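Q: Here is what each chain is made of, one letter per residue.
Number of protein chains: 2
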Amino acid sequence: VCVRAGLAKAITLIESELPSDKPFADALLGKCIPCSEGAIFIGVTGVPGVGKSTLLNVMGMELIHAGHRVAVLAIDPSSARTKGSIMGDKTRMDELSQHPNAFVRPSPTSGILGGVSRRTREACILCAAAGYDHIFIETVGVGQNELEIDQLADITLLLLLAGAGDELQGIKRGIMEAADVMAINKVDGENLRTGSQAAAQLRNALALLPPRDSGSRAQVFTCSALEKEQVQALTDHLQLLHANLHEKGVIAARRKKRMVNWMAQRIHDSLLAQLNNVKVREHITEIEQHVFAGQLNPINAADQVLEFMRTNPEIPRAEPE
Amino acid sequence: VCVRAGLAKAITLIESELPSDKPFADALLGKCIPCSEGAIFIGVTGVPGVGKSTLLNVMGMELIHAGHRVAVLAIDPSSARTKGSIMGDKTRMDELSQHPNAFVRPSPTSGILGGVSRRTREACILCAAAGYDHIFIETVGVGQNELEIDQLADITLLLLLAGAGDELQGIKRGIMEAADVMAINKVDGENLRTGSQAAAQLRNALALLPPRDSGSRAQVFTCSALEKEQVQALTDHLQLLHANLHEKGVIAARRKKRMVNWMAQRIHDSLLAQLNNVKVREHITEIEQHVFAGQLNPINAADQVLEFMRTNPEIPRAEPE
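These protein sequence lines are chains L and C, in that order. Under the working numbering, the first residue of the first sequence is numbered 9, with each subsequent residue one higher. Under the working numbering, the first residue of the second sequence is numbered 9, with each subsequent residue one higher.
Chain L on its own, in the form it takes in the complex (with noise of 0.2 angstroms):
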């Protein structure tokens, strides 16, 4: 509890937009980069729905039983309209959270700024570094969100509905691609034959698939979270393949194209930050009140905004202190 409690606060220190604990978070960062290189960083995605929630509440809680120490972040892509979390299934997570060897935490992407990956990334790093040795990053992935969790994670595991053709449409190639490891979630009752048919066609798909930077591709198990059936076969080869691409190498190359992706998201960051300045922020509001009354097209707008952020040179240039 002691570890979690202040684990939670660190995160709360990464994650505030105050330019006076931006140094504190960074420093900490600093330190805990070498500490987090033990860890094993597994990415979990697939549409709403599909069982990511209760599938690592039993992984998590299989893992905790073997010995491990287990982080579950989150990425919940908040209603921008409710500015609340919408993750109201992490009950689903409510054995896995309450264990003393376990860390759930949602991370709520905020808007423009930063968004999905930048704090999670961070927050991993913490994680990894206060002793959690098994940290799952999960995602949506329809959209965007696919193409950052191979950027966030180790490994990654794309969790699928048995069922007609649709589900399988609806895979975007992309998301295909970035997998290392597939597995169709609910097969169970009425669903067993459908569930091995989704597969067999799934591993025909695969097949025609260039293979990923590990040289193979994608296994794809069936299971049912629910049922806690096959869930320990899945979580075996995770952490299987994960040594067998450790060993070559590989996860050692991802994780440094990992720390140049993450550089560039800070230096984004950084100019964004510009823009969270008191005079821009006024300035911007004024210009807003133009705009509004269809005096001024958002083009010229944009334009004066940037032309007075250049003629102030009070105006920190790239930093948001």
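Careful, some of the hints might be misleading.
Copies of the same chain look alike in the list, so a pair counts if it fits in one copy or across any two.
Taking lysine-lysine pairs in the DSS-like style, the calculated list, with each CA pair at most 25 angstroms apart, reads [what the hints assert, rightly or not]:
1) Lys264 x Lys39
2) Lys264 x Lys287
3) Lys287 x Lys265
4) Lys17 x Lys265
5) Lys30 x Lys287
6) Lys236 x Lys256
7) Lys17 x Lys264
8) Lys17 x Lys236
9) Lys17 x Lys39
10) Lys265 x Lys39
Hints in this document: simulated from the structure, not taken from any laboratory. Small disclaimer: the values here were computed from a predicted structure and weren't measured.
For this one, chain L is given, so just place chain C on it according to the hints.
A: Just chain C, lined up with the frame of chain L:
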């Protein structure tokens, strides 16, 4: 055909990353904004496989037969790895895209810079100025995009599939709240009963949500795009709703918000465009080598790049030129 070719070239111009194209693109957009006000902008969202393209093909042809000119801009979350477009399903709009009174174009999202909405927003303006009176913006509505679609369109249609509770559970509250109209598609043959059940269930769920800014809740339709069943009713409702919201001033209010949002996006894009400067790019490449070699952590690396940008006055401060 002549209008279409010119429009396609104009869109290519505004999509250009070349600094020398920017003044022309901006001038063109500035001219087009006042001419775009007569068009109806309709967002169409839903998970992959729900039948958005098939529906738009039918809906578009119906509108054309009623004397309208129809544009469809499809936001395409491209695979970052293959760099290729995954809109093979654009063949589902074959009939529409070949009609002289239609203009169909995928609007690729280009990774981090700009994101989904700027280019699509600007392409919409050009389509409207070119005389298309119904502009549809098609997007995958899971994840972040749903938050953007109501910043692009006057009204938003959410397409759903009938079926078990899974699909409904998968709808995030943010999407529900952003939709002005909902339609359950593929309600044909064996799905007729489950379709009307799903519609009833959805109406009950909607009653629990706050009404939109229009003061009313989304109406729920069932249809079959494949069988062309009930699509006309849906089209009629969309037109009627738009006229109604226009009269109430809701459309004007939403458009003003879009303009302010557009301005903010152009400011963001310009700030990030500094990274395209040749000297900055060279410096980043150099620093990346150190990160890749493990000699420098991403935090310190980003700070070094920002410091370089700050201390080199010849680098334009907030302009791509």
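Q: Each hint should be assessed against the structure and marked as holding or not.
A: A quick look at each hint next to the structure:
1. Lys264 x Lys39: within (17 angstroms within a copy, 47 angstroms between copies)
2. Lys264 x Lys287: So Lys264 and Lys287 pass the 25 angstroms test across copies only (24 angstroms; inside, 38 angstroms).
3. Lys287 x Lys265: Result: close only across copies, 22 angstroms inter versus 37 angstroms intra.
4. Lys17 x Lys265: neither (28 angstroms within a copy, 36 angstroms between copies)
5. Lys30 x Lys287: Cα proximity of Lys30 and Lys287: one copy only (20 angstroms, versus 27 angstroms across).
6. Lys236 x Lys256: neither (32 angstroms within a copy, 54 angstroms between copies)
7. Lys17 x Lys264: Answer is neither: 28 angstroms inside a copy and 40 angstroms across each miss the 25 angstroms cutoff.
8. Lys17 x Lys236: neither (33 angstroms within a copy, 56 angstroms between copies)
9. Lys17 x Lys39: Cα proximity of Lys17 and Lys39: one copy only (16 angstroms, versus 52 angstroms across).
10. Lys265 x Lys39: Close inside one copy (20 angstroms), not across copies (43 angstroms); limit 25 angstroms.
In terms of the numbered hints stated before, the structure departs from hints 4, 6, 7, 8, listed from lowest to highest.
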